[in-house]
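Chains W and V supply the protein sequences, listed in that same order. Heads up, the first sequence is in the working numbering, so the first residue is 4 and it goes up one at a time. Heads up, the second sequence is in the working numbering, so the first residue is 4 and it goes up one at a time.
No lab work stands behind these hints, which were simulated from the structure alone. Take the hints with a grain of salt, since some may be wrong.
The following label-pair restraints were derived from C-beta to C-beta distances [unchecked claim]:
| # | chain 1 | residue 1 | chain 2 | residue 2 | range |
| --- | --- | --- | --- | --- | --- |
| 1 | V | F345 | W | S137 | 27 to 33 Å |
| 2 | W | V69 | V | M324 | 23 to 29 Å |
| 3 | V | F130 | W | I83 | 55 to 61 Å |
| 4 | W | K27 | V | H47 | 32 to 38 Å |
| 5 | W | V126 | V | V282 | 16 to 22 Å |
| 6 | W | V282 | V | H47 | 37 to 43 Å |
| 7 | W | T48 | V | I16 | 33 to 39 Å |
| 8 | W | I286 | V | I16 | 31 to 37 Å |
| 9 | V | G334 | W | I286 | 44 to 50 Å |
| 10 | V | F73 | W | I83 | 46 to 52 Å |
Computed from the model, here is a short list of chain V residues facing chain W with C-beta under 7 Å [said to hold, decoys possible]:
| # | residue |
| --- | --- |
| 11 | A236 |
| 12 | A237 |
| 13 | P313 |
Ideal placement from N, C-alpha and C gives every residue a C-beta, glycine not left out.
2 protein chains.
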Amino acid sequence: MNRLLIAAAVSMIVSLFGTRLLLKWLTEHKIGQPIRSDGPEGHHTKAGTPTMGGVAIVSGTVLGYVISDFFGGIYTLRGIFVLMCIVGGGAVGLLDDWIKVVAARNRGLNKRAKIIGLLVVAVGFAFLMTEFTSVHTTLAFTRFDNPGWELGRIGWMLWAVLLIIATTNSVNLTDGLDGLAAGAGVICFAAFTLIAFWQFRHLENYSNPAALDLAVISAAMVGGIVGFLWWNAAPAQIFMGDTGSLAIGSGLAALSLSTSTHLLLPIIGGLFVLETVSVILQIVVFHRFGGRRLFRMAPIHHHFELAGWPETTVIVRLWIMSGLCTAVGLGIFYRDAIAAGFTA
Amino acid sequence: MNRLLIAAAVSMIVSLFGTRLLLKWLTEHKIGQPIRSDGPEGHHTKAGTPTMGGVAIVSGTVLGYVISDFFGGIYTLRGIFVLMCIVGGGAVGLLDDWIKVVAARNRGLNKRAKIIGLLVVAVGFAFLMTEFTSVHTTLAFTRFDNPGWELGRIGWMLWAVLLIIATTNSVNLTDGLDGLAAGAGVICFAAFTLIAFWQFRHLENYSNPAALDLAVISAAMVGGIVGFLWWNAAPAQIFMGDTGSLAIGSGLAALSLSTSTHLLLPIIGGLFVLETVSVILQIVVFHRFGGRRLFRMAPIHHHFELAGWPETTVIVRLWIMSGLCTAVGLGIFYRDAIAAGFTA
Numbered sequence: 004m005n006r007l008l009i010a011a012a013v014s015m016i017v018s019l020f021g022t023r024l025l026l027k028w029l030t031e032h033k034i035g036q037p038i039r040s041d042g043p044e045g046h047h048t049k050a051g052t053p054t055m056g057g058v059a060i061v062s063g064t065v066l067g068y069v070i071s072d073f074f075g076g077i078y079t080l081r082g083i084f085v086l087m088c089i090v091g092g093g094a095v096g097l098l099d100d101w102i103k104v105v106a107a108r109n110r111g112l113n114k115r116a117k118i119i120g121l122l123v124v125a126v127g128f129a130f131l132m133t134e135f136t137s138v139h140t141t142l143a144f145t146r147f148d149n150p151g152w153e154l155g156r157i158g159w160m161l162w163a164v165l166l167i168i169a170t171t172n173s174v175n176l177t178d179g180l181d182g183l184a185a186g187a188g189v190i191c192f193a194a195f196t197l198i199a200f201w202q203f204r205h206l207e208n209y210s211n212p213a214a215l216d217l218a219v220i221s222a223a224m225v226g227g228i229v230g231f232l233w234w235n236a237a238p239a240q241i242f243m244g245d246t247g248s249l250a251i252g253s254g255l256a257a258l259s260l261s262t263s264t265h266l267l268l269p270i271i272g273g274l275f276v277l278e279t280v281s282v283i284l285q286i287v288v289f290h291r292f293g294g295r296r297l298f299r300m301a302p303i304h305h306h307f308e309l310a311g312w313p314e315t316t317v318i319v320r321l322w323i324m325s326g327l328c329t330a331v332g333l334g335i336f337y338r339d340a341i342a343a344g345f346t347a
Numbered sequence: 004m005n006r007l008l009i010a011a012a013v014s015m016i017v018s019l020f021g022t023r024l025l026l027k028w029l030t031e032h033k034i035g036q037p038i039r040s041d042g043p044e045g046h047h048t049k050a051g052t053p054t055m056g057g058v059a060i061v062s063g064t065v066l067g068y069v070i071s072d073f074f075g076g077i078y079t080l081r082g083i084f085v086l087m088c089i090v091g092g093g094a095v096g097l098l099d100d101w102i103k104v105v106a107a108r109n110r111g112l113n114k115r116a117k118i119i120g121l122l123v124v125a126v127g128f129a130f131l132m133t134e135f136t137s138v139h140t141t142l143a144f145t146r147f148d149n150p151g152w153e154l155g156r157i158g159w160m161l162w163a164v165l166l167i168i169a170t171t172n173s174v175n176l177t178d179g180l181d182g183l184a185a186g187a188g189v190i191c192f193a194a195f196t197l198i199a200f201w202q203f204r205h206l207e208n209y210s211n212p213a214a215l216d217l218a219v220i221s222a223a224m225v226g227g228i229v230g231f232l233w234w235n236a237a238p239a240q241i242f243m244g245d246t247g248s249l250a251i252g253s254g255l256a257a258l259s260l261s262t263s264t265h266l267l268l269p270i271i272g273g274l275f276v277l278e279t280v281s282v283i284l285q286i287v288v289f290h291r292f293g294g295r296r297l298f299r300m301a302p303i304h305h306h307f308e309l310a311g312w313p314e315t316t317v318i319v320r321l322w323i324m325s326g327l328c329t330a331v332g333l334g335i336f337y338r339d340a341i342a343a344g345f346t347a
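Isolated chain W, as found in the complex (with noise of 0.2 Å):
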């Protein structure tokens, strides 16, 4: 427990600072967030905001885990997989900020591009994980010890590549309002790491260093994206750009992939489902319907902008969504713990 606590809090210190420092760099060279044109009015002030916050949260992620280490801790290839899993999806989005900012629009890597990138990142775990550790090969919930439905290499590693890509473009949508995602990351990864150290503490075949490395990766991200938000709340003084997004979401498909909790991921991270939900169904409705509109404007955290709720109020009510969706699927969580002769 104390590598936990070591890592989230040199995390935290490293992404505080390091934000502040990246923020006084970026104004200094006028490097700037464009801002989508199509996007609600109100937002047209936010350009110019310097972005790549998520530099920081990956570089404390890293720090912290590689410190927490030296206490007592061993690397294991588990972590380190779940790791460069992290740090490849925020290299994509760097790339991608980097590109938008030198070219100043808010368009980055073309789309293939980027999910090209992605695909590299997500095969690569995939792959590295069957190759080299023993992930169970199965669609799991939560009965990590008795899983579901086998799906072999190829179907593991099929869908493994699919969640990395669905959840790092949720997490993506989601990020449009000052600290959204951030907080809701926070919330998710809190869960990871509650998962990860259970696991580590009840179960025989996890209760190696590997589930622990696990929890300390989770804690490490939660640290990073806590020192990230206290220059992110509204109003933003930085944005996590693609950095973040894609770091944020490769982060918490590799966790739930490596717990074998990853039918869990979606209702953990409810509020990035729902985000993506109502992008699919706009554009679904728009089609079918010859131009008619679900919403007022997609993702849905437009919509309540535009319906006249105040950015904040968007903000804290979409964080609040996010805690119910974690806390019933950390419930489901415990339940099935205990149903399976566990304690809690």
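Got chain W sorted already, so can you dock chain V onto it with the hints?
Frame of chain W, contents of chain V only:
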């Protein structure tokens, strides 16, 4: 665990819709909160915002507790006394709020009447707990099973009264920015839900319905405050008023006393301590050093505002601080539990 979820869910729904109704009724009757005339100028626009939202929190908690008991629970004296303390604190606050809005001044009950009201609640709680339940009358940190310094009945009662008065006043001071006290309250009650539930699952002399009752009440408070926060999020449509802050304060104190973790309370509720200390320091420095001010304004959240932080930034940053304090408190709790040979 079902009871926890039911209590939290019922309380949240009651509070969510209850606050809406209250808001409508108060607006129709033009009952609004006068704002301290010596506060930051930006706050003067808040005059007239409906208050007494705490009524919805307390109603939700009582109903959540009662209804959850239909599902296989039994009422215990310990739980009922804690609930009485919450309702009592809320009632003193309600009287105060009511006088405030009727007299249209930001003073309410005169200070002495308010303290007397709280004293009645606190002494009543301390007497009932020591008379009718087997509460430990020791000064306890986390070693509930092997508690520290025996205070004796009278000593413990004095300590309990002091703690209740101090906590209610601290929460009251903290309640000065939209959603600040509510958010911190959610975090603290979530911590006490975990603590009480852990005691119920692991300690022999606690594994009776009494300990679960405490977790149920705590979960109901989480739900009730979340439902209220939906409307209280910046920019607030309604304030909790003294009804809310005194209920939250007496609830936190009563739960820490009944779970024998009252020395942990100042850590878990570190934000409330910080706010109170800032007021005390401000007064001491002012009187000692001939009218010099340590902070631009006390409580400290106004200092940050006057230092140029936007209100929402102050709120989110103080929530982060509150979360950190609670994390440290829970870390100490679980570490002691592991050190005492339990599983976390």
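Okay, the hints, checked on the actual structure:
1. F345(V) <-> S137(W): 27 to 33 Å: The hinted range 27 to 33 Å holds for F345(V) and S137(W), with Cβ atoms some 29 Å apart.
2. V69(W) <-> M324(V): 23 to 29 Å: 26 Å, holds
3. F130(V) <-> I83(W): 55 to 61 Å: 59 Å, holds
4. K27(W) <-> H47(V): 32 to 38 Å: 35 Å Cβ-Cβ, so the 32 to 38 Å window holds.
5. V126(W) <-> V282(V): 16 to 22 Å: Check failed, 58 Å falls outside 16 to 22 Å.
6. V282(W) <-> H47(V): 37 to 43 Å: 41 Å, holds
7. T48(W) <-> I16(V): 33 to 39 Å: Since T48(W) and I16(V) have Cβ atoms about 37 Å apart, the given range 33 to 39 Å holds.
8. I286(W) <-> I16(V): 31 to 37 Å: The hint (31 to 37 Å, Cβ to Cβ) holds, given that I286(W) and I16(V) are roughly 33 Å apart.
9. G334(V) <-> I286(W): 44 to 50 Å: At roughly 45 Å between Cβ atoms, I286(W) and G334(V) fall inside 44 to 50 Å, so the hint holds.
10. F73(V) <-> I83(W): 46 to 52 Å: 50 Å, holds
11. A236: This hint holds: A236(V) lies near chain W, its Cβ roughly 3 Å from the closest one there, short of 7 Å.
12. A237: 4 Å, holds
13. P313: 6 Å, holds
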